[in-house]
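Chain residues, written in single-letter form:
Protein chains: 2
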Amino acid sequence: MQRYFMLKAISEVDEQAIAIDGEIFHHMSRVMRMKVEQQAYLVFDEEVVVKAEVTEILDDHLLMKVVEHIHQSTELPVDVTLFCGLPKGDKLELITQKSTELGAHHIVGFPSKTSIVKWNDKKRLQKQERLEKIAREAAEQSHRSISPDVLLLADINEMYNMLAHYDHVLVAFEEAAKEGEHAQLVQTFKEIQPGEKIAFIFGPEGGITPKEITQFESRGAKVCALGPRILRTETAPFYALSALSYHLELQGQ
Amino acid sequence: MQRYFMLKAISEVDEQAIAIDGEIFHHMSRVMRMKVEQQAYLVFDEEVVVKAEVTEILDDHLLMKVVEHIHQSTELPVDVTLFCGLPKGDKLELITQKSTELGAHHIVGFPSKTSIVKWNDKKRLQKQERLEKIAREAAEQSHRSISPDVLLLADINEMYNMLAHYDHVLVAFEEAAKEGEHAQLVQTFKEIQPGEKIAFIFGPEGGITPKEITQFESRGAKVCALGPRILRTETAPFYALSALSYHLELQGQ
Numbered sequence: 072m073q074r075y076f077m078l079k080a081i082s083e084v085d086e087q088a089i090a091i092d093g094e095i096f097h098h099m100s101r102v103m104r105m106k107v108e109q110q111a112y113l114v115f116d117e118e119v120v121v122k123a124e125v126t127e128i129l130d131d132h133l134l135m136k137v138v139e140h141i142h143q144s145t146e147l148p149v150d151v152t153l154f155c156g157l158p159k160g161d162k163l164e165l166i167t168q169k170s171t172e173l174g175a176h177h178i179v180g181f182p183s184k185t186s187i188v189k190w191n192d193k194k195r196l197q198k199q200e201r202l203e204k205i206a207r208e209a210a211e212q213s214h215r216s217i218s219p220d221v222l223l224l225a226d227i228n229e230m231y232n233m234l235a236h237y238d239h240v241l242v243a244f245e246e247a248a249k250e251g252e253h254a255q256l257v258q259t260f261k262e263i264q265p266g267e268k269i270a271f272i273f274g275p276e277g278g279i280t281p282k283e284i285t286q287f288e289s290r291g292a293k294v295c296a297l298g299p300r301i302l303r304t305e306t307a308p309f310y311a312l313s314a315l316s317y318h319l320e321l322q323g324q
Numbered sequence: 072m073q074r075y076f077m078l079k080a081i082s083e084v085d086e087q088a089i090a091i092d093g094e095i096f097h098h099m100s101r102v103m104r105m106k107v108e109q110q111a112y113l114v115f116d117e118e119v120v121v122k123a124e125v126t127e128i129l130d131d132h133l134l135m136k137v138v139e140h141i142h143q144s145t146e147l148p149v150d151v152t153l154f155c156g157l158p159k160g161d162k163l164e165l166i167t168q169k170s171t172e173l174g175a176h177h178i179v180g181f182p183s184k185t186s187i188v189k190w191n192d193k194k195r196l197q198k199q200e201r202l203e204k205i206a207r208e209a210a211e212q213s214h215r216s217i218s219p220d221v222l223l224l225a226d227i228n229e230m231y232n233m234l235a236h237y238d239h240v241l242v243a244f245e246e247a248a249k250e251g252e253h254a255q256l257v258q259t260f261k262e263i264q265p266g267e268k269i270a271f272i273f274g275p276e277g278g279i280t281p282k283e284i285t286q287f288e289s290r291g292a293k294v295c296a297l298g299p300r301i302l303r304t305e306t307a308p309f310y311a312l313s314a315l316s317y318h319l320e321l322q323g324q
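Respectively, the protein sequence lines represent chains A and B.
Counting in the numbering used here, the first sequence runs without a single skipped number right up to 324 at its last residue.
Counting in the numbering used here, the second sequence runs without a single skipped number right up to 324 at its last residue.
By construction, these hints were calculated from the structure, which means they are not laboratory data.
Hints should not be assumed to be uniformly reliable.
It does not matter which identical chain is meant; a pair holds if it fits inside one copy or across any two.
As a list, the in silico DSSO-like pairs of lysine-lysine whose alpha-carbon atoms are at most 30 Å apart [claimed, not checked]:
| hint | residue 1 | residue 2 |
| --- | --- | --- |
| 1 | 136 | 261 |
| 2 | 198 | 249 |
| 3 | 136 | 162 |
| 4 | 261 | 122 |
| 5 | 184 | 106 |
| 6 | 261 | 194 |
| 7 | 79 | 261 |
| 8 | 194 | 162 |
| 9 | 193 | 122 |
Keep in mind it's a predicted model, so treat the numbers as computed, not measured.
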């Protein structure tokens, strides 16, 4: 069943007559060709998910009523931010889509020393908007109750300042994989408590520089390997998020 | 350092004067512009990996000598086959590349009832060849010592017959995720012994039909969920392989 992010609180609507207009109305009436009595999931702020039914279709909007509040959560029990060194081409699109399916809450792109892309402010904000749209579509499709936000930084120093706000910061480092490091990821995962904030840092294709690693470490980051194989910049986040889900959502239960 | 799959046994070469010609010679001399004394990893059959050095460059081939045998393994301790319901577009390319990085050994495409693509034999074999090339490049880049083979089946019945050859068969099923199933993946992973053969089955976009599930189950397959979120057909293998690596390669040590 289709899922829509309402981008407002449920307290802002009348649960017996929710008016749907704009883009969502267009999608429901034109793309999905929904009729009266057909249902969809509506996702409101604060992870409120309801099953709602169409009661009336008008020219430029339609009305739905709530038939059920859904309480099963599809969200990771921790708040996860990915910091990705800006990669080439459309890899950030792939990272955003897949990481949303795999449970990330925030995606931050940062210009690493080895990043090749250069965007002016206008281009950067356009790209950010496009990525947020990709995240919202992936969140709807994967039955998330939170649509991840995307932030593209113009300067790595902004990122250094952000790192203080996390309970755990992990940096995926290729050299750690080559040296056979295999304890840090498990050790950190074992320390994680529900509700904590976790940050993962991934370099672009050219990798993270030793200077950047030092900056991260001085802010509490731990270097880890994601298994013994060398993963591409866009593949590493998939491993980290899948392992986190396996550890917290499947194994803990 | 660059890595090349030699596609022969090390016993077939003289370790003090390995002659390199053809495609690999072209890549070393033209693309990488390697000179005498420069090094690369050469990967031979049976997971034999050596570091070798260029000793002489000639017109149509070059010579290398082995300087070190590498004993650190980058392979999962079990043999993993992915069975993927043939998806649309170039998703099989993405699955092949990423699953190779994440450690798969064999990738098998099968026509599920809901698969939309239809290939004649010629097209199917061309696609298979192309996917094997993508796998080899990803295996080189991710420091594998095995390059996965790719097989595209013309008929799902061939797949049913293959399932008898595995110690464990898991089917990722969207309905299991929706129903909150979360025990089977961990339970199977805990039963796995080194050297065993594992198969994962993933449906195409339209999902696996109940009839297909019954066929899989009658051959010993267990239905499992990959966390509570609904993953796209190309994302599910990333989760399964990452979780397997986390369980066997990081957590067990």
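Hint by hint, here is what the structure shows:
| no. | hint | verdict |
| --- | --- | --- |
| 1 | 136 - 261 | neither (43 Å within a copy, 46 Å between copies) |
| 2 | 198 - 249 | neither (34 Å within a copy, 33 Å between copies) |
| 3 | 136 - 162 | neither (40 Å within a copy, 38 Å between copies) |
| 4 | 261 - 122 | neither (36 Å within a copy, 37 Å between copies) |
| 5 | 184 - 106 | between (53 Å within a copy, 29 Å between copies) |
| 6 | 261 - 194 | neither (40 Å within a copy, 48 Å between copies) |
| 7 | 79 - 261 | neither (35 Å within a copy, 43 Å between copies) |
| 8 | 194 - 162 | both (16 Å within a copy, 28 Å between copies) |
| 9 | 193 - 122 | neither (39 Å within a copy, 48 Å between copies) |
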